[in-house]
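Colleague: This is what each chain is made of:
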Amino acid sequence: MDVETIRKDFPILNKKINGYPLIYFDNTATTQKPRQVIQAISDFYEKYNANIHRGVHRLSQEASEIYEQAHEKTAKFINSDWREVIFTKNTTESINLVAHSLDFNKGDEIVISIMEHHSNMVPWQELVKEKGIVLKIVDVKEDGSLDMEDLKSKIGKKTKLVSITHVSNVLGAVNPVKEICKLAHENQAYCLIDGAQSAPHIKVDMKRIGCDFFAFSAHKMLGPTGMGVLYGTKQALSEMGPFLTGGDMIKKVTSKEASWNDLPWKFEAGTPNIAGAAGFSAALDYLTSIGMEKIDKYERDLAKYAIERIKDAHIYGPDDRAGIISFNLKKIHAHDVAYFLDKKGIAVRSGNHCAQPLMTKMGILGTVRASFYVYNTKKEIDFMIENLDEIRRNL
Amino acid sequence: MYPEEIMDHYKNPRNQGNIQYPDYEGEHGNPVCGDLIKMSVKTRNGVIEEIKFDGEGCAISMASASILTEMVKGKTTRQVLEMDEKEFIDKIGNIQTRTQCVLVSLNALKKALGDDINC
Numbered sequence: 001m002d003v004e005t006i007r008k009d010f011p012i013l014n015k016k017i018n019g020y021p022l023i024y025f026d027n028t029a030t031t032q033k034p035r036q037v038i039q040a041i042s043d044f045y046e047k048y049n050a051n052i053h054r055g056v057h058r059l060s061q062e063a064s065e066i067y068e069q070a071h072e073k074t075a076k077f078i079n080s081d082w083r084e085v086i087f088t089k090n091t092t093e094s095i096n097l098v099a100h101s102l103d104f105n106k107g108d109e110i111v112i113s114i115m116e117h118h119s120n121m122v123p124w125q126e127l128v129k130e131k132g133i134v135l136k137i138v139d140v141k142e143d144g145s146l147d148m149e150d151l152k153s154k155i156g157k158k159t160k161l162v163s164i165t166h167v168s169n170v171l172g173a174v175n176p177v178k179e180i181c182k183l184a185h186e187n188q189a190y191c192l193i194d195g196a197q198s199a200p201h202i203k204v205d206m207k208r209i210g211c212d213f214f215a216f217s218a219h220k221m222l223g224p225t226g227m228g229v230l231y232g233t234k235q236a237l238s239e240m241g242p243f244l245t246g247g248d249m250i251k252k253v254t255s256k257e258a259s260w261n262d263l264p265w266k267f268e269a270g271t272p273n274i275a276g277a278a279g280f281s282a283a284l285d286y287l288t289s290i291g292m293e294k295i296d297k298y299e300r301d302l303a304k305y306a307i308e309r310i311k312d313a314h315i316y317g318p319d320d321r322a323g324i325i326s327f328n329l330k331k332i333h334a335h336d337v338a339y340f341l342d343k344k345g346i347a348v349r350s351g352n353h354c355a356q357p358l359m360t361k362m363g364i365l366g367t368v369r370a371s372f373y374v375y376n377t378k379k380e381i382d383f384m385i386e387n388l389d390e391i392r393r394n395l
Numbered sequence: 001m002y003p004e005e006i007m008d009h010y011k012n013p014r015n016q017g018n019i020q021y022p023d024y025e026g027e028h029g030n031p032v033c034g035d036l037i038k039m040s041v042k043t044r045n046g047v048i049e050e051i052k053f054d055g056e057g058c059a060i061s062m063a064s065a066s067i068l069t070e071m072v073k074g075k076t077t078r079q080v081l082e083m084d085e086k087e088f089i090d091k092i093g094n095i096q097t098r099t100q101c102v103l104v105s106l107n108a109l110k111k112a113l114g115d116d117i118n119c
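Quick note, the sequences are listed as chains A and B, same order.
Counted from 1, the first sequence has number 335 at position 335 by the working numbering; the numbering is strictly sequential.
Counted from 1, the second sequence has number 78 at position 78 by the working numbering; the numbering is strictly sequential.
Please keep in mind that the hints were generated in silico from the structure rather than gathered at the bench.
All C-beta atoms, glycine included, are put in the ideal place defined by N, C-alpha and C.
Among the clues, some could well be false.
[Unchecked claim] As a list, the in silico SDA-like pairs of lysine to any residue whose alpha-carbon atoms are at most 25 Å apart:
id, chain 1, residue 1, chain 2, residue 2
1, B, LYS91, A, ILE332
2, A, LYS16, B, LYS38
3, B, LYS38, A, LYS344
4, A, LYS330, B, LYS91
5, A, LYS344, B, GLU27
6, A, LYS344, B, GLU4
[As the list claims (entries may be wrong)] Reference listing, derived: stretches of chain B covered by chain A, where coverage requires no fewer than 3 residues with Cβ under 8 Å from a Cβ of chain A:
id, stretch
7, 12-23
8, 97-103
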């Protein structure tokens, strides 16, 4: 992996922040975009812009091809069939789609964990109110890894869905999703994996994981904002009613009723984000050309390198982690750390990272989070460490 | 680092703690990070005689709370309720991206004195 060559593809890395070169360590929130992705989006609007699927004219057919190709590329990227790939606007919408369309009844149990992002917690809390489902929350162990014994004890005959994150956006913990799906299926439950923090960084294979649903966002993997994916098995998706209704998701409409389109279009109502799909295709090409195994290894190395060098800090999460580090300099508030790093051009996130229940469980208000991607370097980490030392000395 | 006055109040906070039998008490959280500041106040004839702040937060929110307690001693509760947010921000020194941190203490104090702050 030639990082210097990769860096040249990212125009924003030439930007100066407060007079310093931008060091972007907020990749868990969103990633930067290579010029190939930016170009694909502007190419779409300059050369192919038309609405899809209903046009006989040439431009509409070209736009439809671009949009459908994006489904095929996504399917290939996660080892599935294109009919199992639904485009949404983000991971949150993908999870809400399942919460809305899967047939939940009073007394059904849904199992999640305390390390979930709010997006994999709040939709289920709403189902408790709306449909009387029972929400069970699996704990984390002392080191921040998922408590599998607790998970086993919470899955049972009434479990309708197990919905767990693949990689924690706070702790970097990588959960054993294959085993989790197996446990769910042994109890005739569905399994949803929140892949927002895994699909961008590690090889994800739907056949290998064996999940019924897998949700992720394009903007966290070099693609544009406003583009998300819900993978669902044909069997699970066929049993579900539509999410949003209206244009493009129908087969036949009379003045009284309508019948639904085939997969995946049944779940894509209205004009979708066609330019976003074009950009996402380019992002998938970019990641594939580097290779997901190499990306995974590179980021883990960066995280290890950083952890070995951050002194006098509380670092949260298990040793075996993806390229995400959450930490606190003793007694110094996360916002103060983030503020002074920003003065040196370093973008990190501080706060509760949309995981307030996890913060409460850990007994802290928030953390500083540095998260890495393909364009980050050890030299950048060195500069952050230097500045952490300075903050510690002066504050 | 931060301006000298802020560093001073952060390192040596004034009026930190709780008043045992306060006339007014209220707390406010920073919507951005969840930090919480509590204010307790004792008055005589509508004038603030004693005030203390308690809570956990960043250097800016802690120092701002400390500075605020010094500012309002001797003022009437009405004067405090009429205090302008912008004036307080200017007094602390406009710290880019951190106005929420500055305002936690002022909002907590206004809530304590009976203002209905909708957040």
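Colleague: Decide, hint by hint, whether the structure agrees.
Modeller: Now for the hints, and whether the structure bears them out:
1. Our distance criterion of 25 Å between C-alpha atoms is met by LYS91 of chain B and ILE332 of chain A, whose separation comes to about 24 Å.
2. For the given pair, LYS16 of chain A sits about 39 Å from LYS38 of chain B by alpha-carbon distance, which is inconsistent with the 25 Å threshold.
3. Restraint check for LYS38 of chain B and LYS344 of chain A: the C-alpha separation of about 33 Å exceeds 25 Å, so the hint is violated.
4. As the CA atoms of LYS330 of chain A and LYS91 of chain B are separated by approximately 29 Å, the hinted pair breaks the 25 Å bound.
5. Proposed proximity of LYS344 of chain A and GLU27 of chain B is contradicted: the alpha carbons are some 34 Å apart, above 25 Å.
6. Under the criterion of a C-alpha separation no larger than 25 Å, the hint pairing LYS344 of chain A with GLU4 of chain B is consistent with the structure, at around 20 Å.
7. Only when three residues or more bring their CB closer than 8 Å to a CB of chain A does the claim for the stretch 12-23 of chain B stand; here the count is 0, and the claim is violated.
8. With 3 residues carrying a beta carbon less than 8 Å from a beta carbon of chain A, the stretch 97-103 of chain B meets the three-residue requirement, and the given coverage holds.
When held up to the earlier numbered hints, the structure conflicts with 2, 3, 4, 5, 7 and fits the remainder.
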